[in-house]
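Protein sequence lines, in the order shown, are assigned to chains A and B. For the first sequence, the residue numbers in the working numbering are 1 to 107. For the second sequence, the residue numbers in the working numbering are 1 to 122.
A hint or two may mislead.
What the hints assert, rightly or not - List time: in silico DSS-like cross-link candidates among lysine-lysine, alpha-carbon distance up to 30 Å:
{"hint": "1", "chain 1": "A", "residue 1": "LYS39", "chain 2": "B", "residue 2": "LYS43"}
{"hint": "2", "chain 1": "A", "residue 1": "LYS107", "chain 2": "B", "residue 2": "LYS43"}
{"hint": "3", "chain 1": "A", "residue 1": "LYS107", "chain 2": "A", "residue 2": "LYS42"}
{"hint": "4", "chain 1": "A", "residue 1": "LYS103", "chain 2": "A", "residue 2": "LYS39"}
{"hint": "5", "chain 1": "A", "residue 1": "LYS42", "chain 2": "B", "residue 2": "LYS43"}
{"hint": "6", "chain 1": "A", "residue 1": "LYS103", "chain 2": "B", "residue 2": "LYS43"}
Since the hints were made in silico from the structure, they are not lab data.
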Amino acid sequence: AIQLTQSPSSLSASVGDRVTITCRTSQGISSGLVWYQQKSGKAPELLIYDASSLGSGVPSRFSGSGFGTDFTLTISSLQPEDFATYYCQQFNTYPLTFGGGTKVEIK
Amino acid sequence: EVQLLESGGGLVQPGGSLRLSCTASGFTFSSYPMYWVRQAPEKGLEWVSTITGSSDSTSYADSVRGRFTISRDNSRNTLYLQMNNLRVEDTAIYFCAKRRVVSGGPGGFDPWGQGTLVTVSS
């Protein structure tokens, strides 16, 4: 199975900060990477698909980049509603696998 | 509006069985692959199973293969997960999710249901 390693596992940031989360895969997956946001007690929501395409209704402060094995999720200016846990997922090969998550907390 | 609503969770003893349902609305259900994903308490996300729109293909995580069966009834817009021989480690919130687009385009789970809690304990 393809392993996904997210870093950091948690971070503290302030409103307005630029935040970057990375996801590294154990094998190349082309652009088959998806990012989700999960708020406490809620279901995950899709943010980015195909490594860099913005999901429907997702604010433009979210962006994704990368190809192959190294991927990045960037929040250009952190907003209060962005405090959540973020997961990457590879959609290239079965079994589908997720990263361990990155919890973004208020500084 | 696309909506997914899971039901059927609850408390079950180890070795027991449970059937989860996911009722869909707001889209052409039969056209989309569907998924089950679970999340153990305070843990990350784990893909469980996939079924194609026509039910001609299914996939399972190694952790559930041979114990869980995914199925769907397109006439009822409903997805199922039959879970047999449940173990303590199957305790989790189980989410159903729809493929972002019909097969062929870049994938992703979108949207997800609100989840149903399965607790396996004696």
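Against the structure, the hints:
1. A:LYS39 x B:LYS43: 13 Å, holds
2. A:LYS107 x B:LYS43: With Cα atoms ~23 Å apart, LYS107 of chain A and LYS43 of chain B stay inside 30 Å; holds.
3. A:LYS107 x A:LYS42: 22 Å, holds
4. A:LYS103 x A:LYS39: Answer holds: LYS103 of chain A to LYS39 of chain A is near 10 Å, not above 30 Å.
5. A:LYS42 x B:LYS43: The hint holds at about 14 Å.
6. A:LYS103 x B:LYS43: 12 Å, holds
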